[in-house]
Amino acid sequence: MLQGFRTGVQTGIALEVAQQAGLNMVLKVGTTEETITVSGESPLVETRSSALSAIVLEKTIEELPLNGRNYIMLATLQPGIVQFTEKLSTSPAQRGVSLNINGMGGRSNSFLIDGANMRGYAGMATVTAADSTLGVDTIQEFRVVTNAFSADYGRVMGGVINIATKSGTNRLQGSGFEFFRNSKMDARNFFDVGAPPPFTRHQYGGAVGGPLVRNKIFFFGGVERLQEDLGTTVITAVPTSAARAGTVNPAVRPYLDHYPLPNGRDLGPGIGQYTYEFTRVTRENFLQGRIDMELSNEDSLFVRHTYDGSRQVSPVASGVIQTTGLPQFFTNSTSGNHFFTAEAKRTATQNLLNTARVSASVLTYEQQAANTLAEGLPFVPDAPFMGLILIGGLSQLGNYAAEPSTQNIDYWTWSDDLTYTKGKHLLKTGALVEHAYASKLTTVNSRGTYTFANLTQFLAGVPSRFQGNAPGPKFERKRPNTLFGFYVQDDYRVTSNLTLNLGARYEFFTVPADKDGLDAYLPDILTSSTTTLGGPFVNPSLKNLAPRVGFAWDVTGDGRTAVRGGSGLYYDTDGPYNSSLGVSIQTPPFVLPVNVTGAGIPFPTPVFPTGPTGGALSMRTIDYHIKQPKGWTYNVNVQRELAGSWAAMVGYAGSRGYDLVNAIEGNPVVPVVRADGSLFFPAGAPRRNPAWSSIDYRMSDGRSTYHALQSSLMKRFRDGYQVQLSYTLSKAMDNADGQLGTDAVTSSVYPQNPYDLEGEWAVASFDARHVFSANATWELPAFRNHAVLGGWQLNGIVSLHTGYPFSPSIQTPNWSRSGNTSTNAEDRPSVKPGTDP
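Counted the way the working numbering counts, the sequence shown spans residues 589 to 1425.
Calculated directly from the structure, the hints in this document are not laboratory data. Be careful, since some hints might not be right.
[Stated by the list, open to error] Below are the BS3-like pairs computed for lysine-lysine, each with C-alpha atoms no more than 27 Å apart in a straight line: (1) K1131 with K1215; (2) K933 with K1062; (3) K1066 with K647; (4) K1012 with K1103; (5) K1103 with K1062; (6) K1103 with K1131; (7) K1066 with K1103; (8) K933 with K804; (9) K1215 with K1319; (10) K1066 with K1215; (11) K1131 with K1010.
[Said to hold, decoys possible] Using C-beta positions, here's what the derived DEER-type ranges look like: (12) A839 with T788: 32 to 38 Å; (13) G1188 with P857: 24 to 30 Å; (14) A1350 with L1297: 34 to 40 Å; (15) N942 with A775: 52 to 58 Å; (16) P966 with N655: 40 to 46 Å; (17) T1390 with G819: 45 to 51 Å; (18) F767 with L1377: 40 to 46 Å; (19) P857 with A1187: 46 to 52 Å; (20) H1295 with A839: 30 to 36 Å; (21) N655 with H1295: 54 to 60 Å; (22) R1262 with A839: 39 to 45 Å; (23) E650 with S1387: 40 to 46 Å; (24) T1098 with H1295: 19 to 25 Å; (25) A1362 with E650: 15 to 21 Å.
Cβ coordinates follow ideal geometry from the N, Cα and C atoms, glycine included.
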């Protein structure tokens, strides 16, 4: 209450999610109190924060066209973000939207809904079996923070997607919708034999909100359903009639008969093309409800529950002939995600605000192998049906080797944030405790996998490799751990037009340990002949102190021109372990993976070792002393408000990643050094550690750099239209493209030479040198103000980027001269002497 001054009213102010809004007022002497009316829009220029961020407003979310209505995709309209989603698997750890933000990996981002964790499997965006994130009509807005964010954000070193849901008001209002698509307007795919396969999609639902008790209690709810039947053309390679008429090993005949006859062109000796249509069936249900309560002038509370469940029947098909399945093999996937948040705010004094929050996120995902086999033809005892057969030049026969599988993650989170204004300081401090419980069942190679070098070897029944597990494996893992985070942030207004953003965050976690004691690791991959049970690891997080610093300079003092810059250190708090569940499942003695190569492998009944293996056992494991992935981000930029509600931004943004998790073959064969110094890995050479076969190893020796010119031009919705343009010129380099096999589709995540990790230093697999996006909304002038006929709009999105790097490679199913000697192995061809690459 300011006595002795005139009433002052200022409009044009809006508070957006995770934003500090600046307000300058001149108080004139009078006899009434100061009054501030909060309404309108936020400033076009950010003069208080050094973070690179952008707000995606309700109008943009609801009105721009979204294929599948996945609102997370709108994040790609901002500069510095590349969508890299070329996944080859139905695994929840390898599907969903992958956003590479300012040069960081796609598993290094945080996704928050009303401040609560909604991060999905292995660091991806929350995903369902339908590959979508529904609920557009329940989202108020979300902020995308890409660089130099403040200390109240933690967990990751990439970007933050902070989503705010809608709440009810004193006005009862609602909406309904139906979106329908089919194949009538679709062009024929290049590979379609005739007309495009049938396709129908129905998405319908609605939302409603209003008061339960006027001015006190409000509600808002939404529901949405997706029904999709997507026909796809699948191209496979199968044996011809001539190949089947020759000499065939009787043990092979029952499996050979599962290959259909070709119905397309000839692909080579004994191999023809077989094309078929498969209808991928998808169903998804979304439901959300929220209650807001104004308890008093000082206290408010809201609770929200979100459910998203789905199921999908999909082919064993990836678009790559060698790993494309046949029509009798398919996958059933189901998922169910629950997100609950309760948040209480108390305004203790006019300059002290406390926000307390509890939340729970429960994510479940299950995959089941399915087929129409009349006979199971299993390779191993107790298996319900056959395993997987890989043949050089032919499509695979069988279901995915890692099914059935389940992945469940629960997050239970408590946080408290205290905001205090004192003179020129806006102080914020807080704490977070998050308990995570992850359980996973992955039956890797439980039915066995046979590899044949080519069709001739298959017909003769002479495999070159068998991968499986000795009897009695224990596949399920249950690993709890707890994250603790503490921070302090001071936004210090040094002068009326200069603000310093100073902060620090400290967060650490307990090392995950299996609830049933099923942990085992290899202390030294060079010398250890047996695994060590349990741990502990050296906890890499205990030194995770992360400073943040930045400035925002209002150059002219009128809020129309700003020069900003900032930098910070960030950590991936689950980076060392977000793939460790799957890795540890294939670790002796609880699972005895067998990887046998060479001659004399029996088919179709494998022989498992019963005693000392002498190098027959393979394994996946994680570095016993793995380090904490971390990254520095930094930026400097200029923003300028132009006439007519236009604003422009141009700046530099960069990042450096250290101790990034990478995957290597930890037990290559001992190479031969050639006269020119190059290495050759001969077949049959001894392994570096003769006690083991292949060791699929996760370590933290990766690094990355990113440099970018980022720019944007935006016109806020006014005069019937809005426009946003974004352009990024960037270069991303790394030597660790990912942790899982399909993180990098255009290259392998495994190095060609495990003795030379620096030889992998190159442009990142997600590097897109030029990225441009544009979106616009135009409200048609005809009937613009008519209550019934008005409201027609034209909306559009354009996204363009240069291609991703491509590494030509040679992958044979039985051996790789790179020395990786696993099915992940790839060799890159050498440059022909005298040529310029």
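Do the hints match the structure? See the list:
Straight-line distance between C-alpha atoms of K1131 and K1215 comes to about 11 Å, which keeps the hinted pair within the 27 Å bound. Taking the CA atoms of K933 and K1062, the gap is about 47 Å. The hint is violated against a cut of 27 Å. Pair hint K1066 plus K647 does not hold up; C-alpha atoms about 43 Å apart against a cutoff of 27 Å. In summary, the hint linking K1012 to K1103 is not supported, as the alpha carbons are separated by about 50 Å, beyond the 27 Å threshold.
Taken as a hint, the K1103 and K1062 pair is honoured in the structure, with Cα atoms around 13 Å apart against an allowance of 27 Å. Restraint check for K1103 and K1131: satisfied, since their Cα atoms lie roughly 26 Å apart, inside the 27 Å limit. Using a Cα cut-off of 27 Å, the hinted pair K1066 and K1103 holds, with the two alpha carbons roughly 5 Å apart. Restraint check for K933 and K804: satisfied, since their Cα atoms lie roughly 15 Å apart, inside the 27 Å limit.
Proposed proximity of K1215 and K1319 is supported: the alpha carbons are some 26 Å apart, at most 27 Å. Between K1066 and K1215 the CA atoms are separated by roughly 22 Å; this keeps the pair inside 27 Å, and the hint holds. Proximity of K1131 to K1010 is assessed by CA-CA distance (about 31 Å); at most 27 Å being required, the pair is judged violated. Taking 32 to 38 Å as the suggested C-beta distance range, the pair A839 and T788 does not conform, at roughly 44 Å.
Look at G1188 against P857: about 26 Å separates their beta carbons, and that is inside 24 to 30 Å. The given range of 34 to 40 Å is broken by A1350 and L1297, whose C-beta atoms sit roughly 21 Å from each other. With their beta carbons about 57 Å apart, N942 and A775 fall inside the hinted range of 52 to 58 Å. Between P966 and N655 the CB atoms are about 41 Å apart, so this pair conforms to the stated range of 40 to 46 Å.
Our hint of 45 to 51 Å for T1390 and G819 is violated, since their Cβ atoms are close to 31 Å apart. Between F767 and L1377, the C-beta spacing of about 22 Å breaks the proposed range 40 to 46 Å. Roughly 23 Å separates the CB atoms of P857 and A1187, a value that falls outside the hinted 46 to 52 Å. At roughly 58 Å, the beta-carbon separation of H1295 and A839 lies outside the given 30 to 36 Å, and the hint is violated.
Taking the beta carbon of each, N655 and H1295 are about 32 Å apart, not inside 54 to 60 Å as hinted. For the pair R1262 and A839, the beta carbons lie near 41 Å from each other, so the given range of 39 to 45 Å is met. Look at E650 against S1387: about 19 Å separates their beta carbons, and that is not inside 40 to 46 Å. Against the hinted window of 19 to 25 Å, the Cβ-Cβ separation of T1098 and H1295 comes to about 36 Å, which falls outside the hint.
As the Cβ distance of A1362 to E650 is approximately 19 Å, the hint placing it in 15 to 21 Å holds.
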